[in-house]
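J.: Residue numbers (our numbering), protein chains in the order written: chain R, 1 to 504; chain P, 505 to 810.
Think of the hints as simulated: they come from the structure by calculation, not from any bench. Fair warning: there could be bad hints in the mix.
Computed from the model, here is a short list of chain P residues facing chain R with C-beta under 8 angstroms [claimed, not checked]:
#	residue
1	R669
2	L672
3	V673
4	R675
5	A676
6	E679
7	N680
8	A683
9	A686
10	L687
11	G688
12	A797
13	G800
All values derive from a computational prediction rather than experimental measurement. The C-beta atom is built at its ideal place from N, Cα and C for all residues, glycine as well.
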Amino acid sequence: MTHLLSLTGLTKAYPGVVANDNVSLHIEPGEVHALLGENGAGKSTLVKMIYGLVRPDSGEMRLHDAPFAPPEPRAARAAGVGMVFQHFSLFDALSVAENIALGMEDAPKMRELSEQIRQVSDTYGLPLSPDRIVGDLSAGERQRVEIIRCLLQAPKLLVMDEPTSVLTPQEVEILFKTLRKLSGEGTSILYISHKLEEIRTLCDAATILRLGKVVGHCIPRETTARDMAEMMVGKVLTSPKRSGVTPGNPILELSGVSLPSPSAFGMPLRDISLTLCEGEILGIGGVAGNGQDELLAALSGERPARAGMITFKGQDIGPAGPNRRRGMGLLAAPEERLGHAAAPDMSLTENAMLTGAVREDLEQGGFLKWPAARAFADRIIASFDVRTPGPANAARSLSGGNLQKFVIGREVLQRPDVLVVNQPTWGVDASAAAAIRQSLLDLATKGAAVIVISQDLDELMEISDRFAALNEGRLSEPRITKGLTVEQIGLMMGGAHGMEVAHV
Amino acid sequence: MDLSVINPILLIAALMSAATPILLAATGELVVERAGVLNLGVEGMMIVGAICGFAIAVESGSPLFGFFAAAVGGALLSLLFAFLTQVTLANQVASGLALTLFGLGLSALIGQSYVGIKPPRLPDLNFGLLGDVPIIGPVLFSHNLILYFGLALVAAVWAMLKYTRVGLVLRAVGENHDAAHALGYKVVRIRTLAIMFGGACAGMGGAYISLIRVPQWTEGMTAGVGWIALALVVFASWKPWRVLLGAYLFGGITQLQLNLQGAGVAIPVEYLAMSPYVITIVVLVILSADKSAAPGSLGRTFHASN
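Let's have the full structure, built from the sequences with the hints guiding it.
T.: Structural data, given as structure tokens:
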């Protein structure tokens, strides 16, 4: 029998690292094939080779049993390979139709193209208006733009890189329906993810990569998520544990926090009220762009609120700035590692100094105590297993997972009474994510209160005691996590954001 | 004071001529910036174009050949900028400033033996009967070829950006170079071509000054017009028709204030002299209050990493 795409012995080396080492993989027509692996396992290099962005050093690719070596993405698209990127591939200032035209070889006239877009979006249950500007779309709608862009070229193989990381459960369901319909029509799908439950419900076969090598194949439906995770990581995973703690006294209180939107693409906070107790973890879910960044900024003091809105340890800290809040024990770690949580081109020592100066006593009379800062950075690196040659390295040089461990560790080690984190494990591999979650749980066990803002519902279900959702800048009433169903959570998150349920 | 000496028809005809150097340079720079590159070397490319055009026109006796040479000269100089910013990934602001300084020096060197010479004159086009129509005739049909070329260029750039695939790709590269690269567009090649287009336009703008506006060569004769063109692109929100409006506004007020000075208006000369700058900027700032923003990748260095 002939495979749709078969890769044999693909190898690609970069200076100092072999990204793909003798990788072989076969995809059948109409198959949904999962590619699993931690960050740095070589998934994206492999996909880039299939899509013609990177050329393999050695090895062979065959499509429909004919040699396949696309020198550039154009050639890959012409051969019937479409790719939905995780980031970077849409143009905010252009309209949906213009974005789609850019991804096509010979785009038809705009009017015909708009018509085709409407047709495809009806057929596959992906509602989308061709005239809208992409900058105004939600994450789920942006993804639809990319999918439709691929579908218009009638691909034989659709590559999807972490497609569900920004979607609500309802949106995920719509996406899966679309993908199943596609595979039913004979289109193969190469699905990259590290969300194992999704892979189990959607995929027919899986290939697992670790450190650039194929370490196993499996049929996801017949394999437990735990087994797959262990193959991915190469060791036995311990899931985060916590000893039961009963929440103590209220420590942080928000009453009616309302703030205007900080920018044209931001979200105002609307009347957010909430009481947080010692020893408790509150999970805040919601689709990205519904006020997560704004809530974190209001809590950290980046955007001070008005007097009386925020009470911490019985004191009104509404108008207080970040340093005063830090001094009192309210710490925060924002979402974006490069540029917000850490200064990319500064060393780890300097980054440790930046947030640690107040609580770790790293400055005196305006002068910086570099030895103490270095010791603090060393302590973070040691206790959070940050893989780096040393604290003198620039933050940018660390991989995402390692920098995330550093950023979270830096706050945890400052003994916060309340810690607010946004997307603590975004883009982080399974073992690093487990370590980060465990450290948050340990912090709560010691009596601190933690607010975890995250897009990852599994993560929130796993570690939080109570769950609330942000929707259009409003916070839902927090509910005890135990026993919440996916439907209830979806409703709290505001459903599928004005979309009709797909008619597939 | 006698305002009746100001002839509105001559004034409008003169403003179109005064605006053309800025219009040409700004239209070129608009394309460059839409491709995501900030080239601050417009002034340098203009002055090099001014001397190249002047020298070749004098040597060959053909002003049109001079304009062609000016375009080539500007484009060649801009290639230096393209090499620095697109190949060696140097900082665009510093490279652009260096280009201006280099262009001023280079043009002074080339121009040493051309001081005090009169270039051949580019005749106005003859539209026959149209030129005799009252008011419209002298305003619209009494100009040289390059002035009409400038207007046509604005229209062509507008249509190119709005309706053609080339324009879409150009905007995409300027908006998000990483995404454009991921889709397989050649970011560096597209930007280099845009930079050369900008250089050619700036060169022609410069030659318009040395061959038509002030038909002679003096060192540094562009006198900051390149900087005005740069500012115009920003205040025009990167839209071709607004560049035209801004250039005509600037040219018009320049002419008007000269006429007012001639008519002896009781306003200090300094205020009159600064008025074109102030009024142009105020009007364009008011216009740019809508939400149109700069190209997303403007001024950022592109490095294809894979």
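J.: It remains to establish, for every hint, whether it holds in the given structure.
T.: So, going through the hints one by one against the coordinates:
1. For the restraint placing P:R669 at the interface with chain R, the shortest Cβ-Cβ distance is roughly 7 angstroms, inside the 8 angstroms limit, so the hint holds.
2. Given the 8 angstroms rule on beta carbons, the hint for P:L672 holds: about 6 angstroms separates it from the nearest Cβ of chain R.
3. At about 7 angstroms, the closest approach between the beta carbon of P:V673 and any beta carbon in chain R falls short of 8 angstroms, and the interface hint on this residue holds.
4. For the restraint placing P:R675 at the interface with chain R, the shortest Cβ-Cβ distance is roughly 7 angstroms, inside the 8 angstroms limit, so the hint holds.
5. The interface hint given for P:A676 is met, as the beta carbon of that residue sits about 5 angstroms from the closest beta carbon of chain R, less than 8 angstroms.
6. The closest approach between the C-beta of P:E679 and any C-beta of chain R is roughly 4 angstroms, which is under the 8 angstroms cut-off, so the hint is satisfied.
7. Contact between P:N680 and chain R, as hinted, is supported at the beta carbon level, the nearest pair being about 5 angstroms apart and thus within 8 angstroms.
8. Here the hint on P:A683 is kept, as its CB sits about 5 angstroms from the closest CB of chain R, short of 8 angstroms.
9. A distance limit of 8 angstroms between C-beta atoms decides the matter here; for P:A686 the minimum to chain R is near 5 angstroms, and the interface restraint holds.
10. Evaluation of the P:L687 hint against chain R yields a held restraint, the C-beta minimum of about 6 angstroms falling below 8 angstroms.
11. Hint status for P:G688 relative to chain R: holds, with the closest Cβ pair at about 4 angstroms, below 8 angstroms.
12. Given hint, P:A797 at the interface with chain R, holds; its Cβ is 7 angstroms from that chain's nearest Cβ, closer than 8 angstroms.
13. At about 6 angstroms, the closest approach between the beta carbon of P:G800 and any beta carbon in chain R falls short of 8 angstroms, and the interface hint on this residue holds.
No hint from the list above goes unmet by this structure.
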